[in-house]
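With these hints in hand, go ahead and build the complete structure from the sequences.
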Amino acid sequence: MSAQATAAPTPAPKAQQRDSARGTFISDTWVIARRGLIHMRRQPEALSDATIQPVMFVLLFAFVFGGAISVPGGGSYKEFLMGGIFAQTIVFGCFGVALALSNDRNNGAIDRFHSLPIPRSAVLAGHAVANLIRSFLPIGFMTVAGFVVGWRIHSGPLDILAAYGLMVVFSFAMIWIGVLLGSLVPTPEGVQGVAFVVIFPVTFIASTFVPTSTLPSVLKTVAEWNPTSSLANALRHLFENPGGIPPTTGPWPLQHPVAYTLIWAIGIVVVCAPLAVMQYQRSIKS
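Its first residue numbered 1, the sequence shown is counted upward by one per residue in this note's numbering.
Some clues are possibly wrong.
[As the list claims (entries may be wrong)] Simulated DEER-style distance windows between Cβ atoms:
id	residue 1	residue 2	range
1	I245	G108	49 to 55 Å
2	V271	M56	29 to 35 Å
3	I26	I263	25 to 31 Å
4	T248	N106	50 to 56 Å
5	V148	P274	39 to 45 Å
6	A68	L116	53 to 59 Å
7	R152	T24	46 to 52 Å
8	F65	V169	28 to 34 Å
In case anyone wonders, no lab produced these hints; they're calculated from the structure. Fair warning: this is a prediction, and the values are worked out from it, not measured in the lab. Positions of the beta carbon are idealized from the N, C-alpha and C atoms, including for glycine.
Pasting the structure below:
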């Protein structure tokens, strides 16, 4: 009798294994992101900060305060205002991902995700993707509200694309601040408290609603180097709105608002993304 040897299975090449792992990560990330988008659709009241609040700020500041604030160099305050409203709402975007992640930590969703055969990094990536898509909502609503109150864009198509692209890039950076905040603070109530104490003043000590030249000396210096100011000024510059002409003298951020905003966006991602991942891993082990 002769026994026929059974051939051992040939292991898959490493390149094929990497491609399979990458495909699994992308598909799992989209599953988590799609879950977040479905929650937004089924709970529209949770989107008030991305829909009602930006429009409310546009209407309030345009019609209540617009007549009392003059723009240095002249021009419509409503057009000056829109760059600041865009900047403030984008910075506030870190709330959404922080609250979503904190809710998932408290309702057991994170534990259920980790019991499944999916990469743990896909959970964070899914939250980031969902909130990046979510960031298009306030940008769209503010654009429509701005045109309604009298805002106009005076630049060409390339500058317009650059302005909206800059908003998306900075929104992505703020998402990682939100992930870090949601990993550090254990409850949604705590997230709201910390965010308003830290983030809210940052958006007002800036050129969001008034020119920095009108602020007291110390606050003026803070506002001139505030990335919220540079984002607002960069958008005014790219849309060719009042207050958008960079000065020839003064602090570097005022002279180069687009470059300064991009530096901040890259720096936030480089610093906050690794810290957020490490803190998230530490929080789910505790």
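Hint check results:
no., hint, verdict
1, I245 / G108: 49 to 55 Å, "53 Å, holds"
2, V271 / M56: 29 to 35 Å, "32 Å, holds"
3, I26 / I263: 25 to 31 Å, "29 Å, holds"
4, T248 / N106: 50 to 56 Å, "52 Å, holds"
5, V148 / P274: 39 to 45 Å, "42 Å, holds"
6, A68 / L116: 53 to 59 Å, "56 Å, holds"
7, R152 / T24: 46 to 52 Å, "48 Å, holds"
8, F65 / V169: 28 to 34 Å, "29 Å, holds"
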